[in-house]
Every structure is written in structure tokens, then in C-alpha cells.
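Asks: Whenever a hint applies, use it, and build me the whole structure from the sequences.
In the order they appear, the protein sequences are chains S and U. With this note's numbering as the guide, the letters of the first sequence map in order to residues 1 to 112. With this note's numbering as the guide, the letters of the second sequence map in order to residues 1001 to 1378.
Just so you know, these hints were derived from the structure itself, not from any lab. Keep in mind the model is a prediction, meaning the values are calculated, not measured. A virtual CB, placed ideally from N, CA and C, is assigned to each residue, including glycine.
Which residues of chain S face chain U? A few of them, derived with a C-beta cut under 7 Å, are:
#, residue
1, Ile36
2, Leu39
3, Ile43
4, Gly49
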Amino acid sequence: MRLKKIMTDFFLLMALTTNLSFLFGPNPYELVITVIANLTATILKLGEGKILATEMTAASLVADLHLIPAAFVYFLGNIPEAVSLAVGALAANIISVLLSIIEAIFGYLSEE
Amino acid sequence: MPRLSSSRLRALRRRLRLKKRREKTLLEVYQTKLVESLRELRIPLLLLHFSLSVGTLGYMFLSGGNFIDSLYMTVITIGTIGFGEIAEGSETPQGRIFTTFLSLMGIGVFTTSVTVVIRVFLVGDVVNLIRYIRMLSQIEKLKDHAIVCGYNKTSAWLVEALRKRKIDFVVVDAREGALKYVQLHNIKYFVSEEPYKKTALLSAGIKRAKYLVANMEQEAENIAVIVTARLLEPDREKLYIYSTAPTDGSAQKLEELGANKVIVPDKLIANRIFSYMLHEAGGFVSDLFDRIAYGEEAELEIVEIKVSERSALAGKKLKDIDLRRVYGVTVIGIRRSDGSLELTVSGDTQIEEGDVLLLLGRPVNVKKAMNFYREVLT
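Replies: In C-alpha cells:
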């Protein structure tokens, strides 16, 4: 198995699940872990030149740009705003995971 | 994942393979290279991210969840700023043990990561790649330009002349030595690839170019360039290909392969010397037509107009179009379709299909006459 793919998918899913759980019960640690997982997934995707990989990097960056302000906004006391930003990040994370699944299917089909 | 039937799987794989066949343009290749060069940043960024995450989460646990102070404390610790124990709980024995280990791990990671990031962007290929990509994007916008394949002394003279006439050009050459001179001579657009490669010519904008000069060191390379260029642009009226050859026989062969005109340098020099012999007084006549043709005679210009099938000029007499009175340009001769040159032209001389009219006049007038010809008579 490809270790890098496992790592990237792990962090993508981790970002998605913690993002979702944060929306159901806003918790500071969950938000920080979401940011960390999302940033890790972005860094792991950095430098991938294939079409789907670049789409995933872009989606991941979008999620980062929602979550990092969300973290600051949350700790400055504006929790509803942080939650709404996290909803935006969730959309980008769902797209990331979908692209990852599509990439896996294409990889499976092109394998001998 | 549900299993697909083997025939459907084969069909899908075939379609995937077919899609892979499309050749990438150089711009796409270098854009991919640029993205891939960012891979070098992965490990330093991951290490930095790991240090920041561990530090922030650690101080958050110590301070009871204060994210902003925890992040700030981590940054000033691993960044060797050390303003003090800002985060709550960091002044406790547990907090100091944590800060000690974070500093030991983080300071090295921070300095190494920053060094690597700066090296990738400033010292590495990234800056050069960005410049090259920008240049290739600009080449994509060129139109009616010239492509000069192979950069040597002749090409250097040629690009100088093109510059004078404000004609854009792209030099294509892959040799290290040639590229050194390309930079030395401030060539704005160049493609550092073998000129006989399809991707190189496509990236040089062959589909939109007007001229291509195959000026390689070896005849075989000139053949390869001409053939590749003609495969990409078969229309001889759309892309004019010029080349050089050592003998008349080779020149003829290159013209048959697709070049519009091939020059034999030795023969050209001999003819030129002979023309000076014929005009002993100072070679003024020998040079006059050259100076006019090269645009060095500012007051005069000579151009050729080919009378095509659909041209309204065919069948008319020179006095009918009266270019001298209307535009101030003179038809000084007509090269007939059989190759003969008629210099004793008068108002009654009839223009025929396939003729080439030689027009002489002031550059402004010639330009007006040419525009009229292009817009009205073709």
C-alpha cells in the first residue's frame, strides 16, 4: 500500500470528521485539531502536479483559509461567526474527500 | 468497491490511456515542474507545523484552552524571541519542562525550515521557472512573428535585423553554448529545446508565426526542423520557411521538403563579390537593392505583391490601377508565373494571374498601397 496516500487520506478524513463534530458541539480543542489536520493534509498535497491533486490542494487551501480565521474568531469570543466559517470549511473538506475518492477510483482503473 | 466486468474495465482503461497520449505543451510541462518543485517544502513545513501544533496544544492544555496565548508562546519559544512566560501555566514546573523540550525540538526545526524555504524560493529553480513560464505565456500571445531555429553568428545578425524592423522573434536552441549567447544578446523570447521537436515549435508559436528560419549547424538537423515545421503547418503561404544549405543540390532537396527558400552561403558570397566586380565605381548599385530590401534606405522601400487566383488585379492593365498617381508608388517590374522578369513595364502592361508585382516607393506610400491591396483587391 502507498503510505503517502494513507497519510494524506487520514488527515483529510480527520479534518472532515473533526470539522463536522465541531459544528455539532463547538469545542476549542476540536477546532484546533481540525486546523492542524487540515494544514497537515495541505502540506502533504503540496507539489502534486496531477490535475486531481491540484484540485485537492486548492480545496484544502480553501478549508485552511476558513478554519484559521475561525480559530482566531472563536477565541476572540465570536462563536457563531466561527461556526459559520467552519461550515464553509466543511464544504471544501467534503469536496477534498470526494476528489480523493475519485483519484482512488482512477488509480484502481489504470492499474494493470 | 464493487467489481466491474472485465470488458467494461478494459474499455475504461483504454479510454484512460488514450487521454494520456496528448502531448503536453512546454508551458504545461514547466508549470507542472514549478508545482512539483514545491515538494521540497513538504518536510520542512511538516516539521514546522508539527512543532507549532505540539507547542500550541501543549500550552492550551496548560492554560486551560487559551489558543491565542498558546500559539503566541509557541512562536516566541521556537523562534528564539523568548519574551517570557506569557501563557498561563507555563511558569509552573510542568510548563517549564514542556517549554524546555519544545525549545530543544522547535528551535532547530524553525531555523532549518526557514532556511530551506528561503533556499527553494531564492536560490533554487523556482524563480527561474517562474520567469520561464512568464516568457512562454508571452510567446503564446505573439502573432506573425519569426522563429529562429539554431542560434549562431548568422542568427545573431538576423535577429538584429528583425529587431530593427520591430518584428517579434523566438529563438529555439537547446545547446548550452548557444543559450549563453542568447542571454548575452538580450534575446527576449527563447525556447531551450531541440528545434526539431514538435513541442518546441508549438511552444514557439508555429501556428501563429509567419516565418521560420532553420539555421542549424548540420544539414540533417535543418531537414528535421523543416519537416517537423511543415507537418505542423503545411501551408507554404502561411508559414514561410527559410534555410541554408552547403550546395545547390541540398538546397533543392530542402525546398522540395517544404522550405520556401534555401540560401547557399558560399554561392551568395561569390555572387556578391562578382557584383562588386561588375560595378567597380563603389558598389553603390550592388548595395542599393539590398539596402532597400533590408530597410536601411529610409526613403525607399521595395515590396512584392503576388497576384493570386481570386485577386481583382488579374486581367487588369497597370494604367487601370494607376498606383503611381493614387499612392505614389511605381511598379518597376513584373515577375511572370513562368519565372521571366519583365522590367520594361508601361501603362498597357497587363497583369496576369500568378504574377509578382515589384513595387517601389516611399515606405508610407508602399504601406498604404499594400493595405489597399490586402483589403480591397484580394
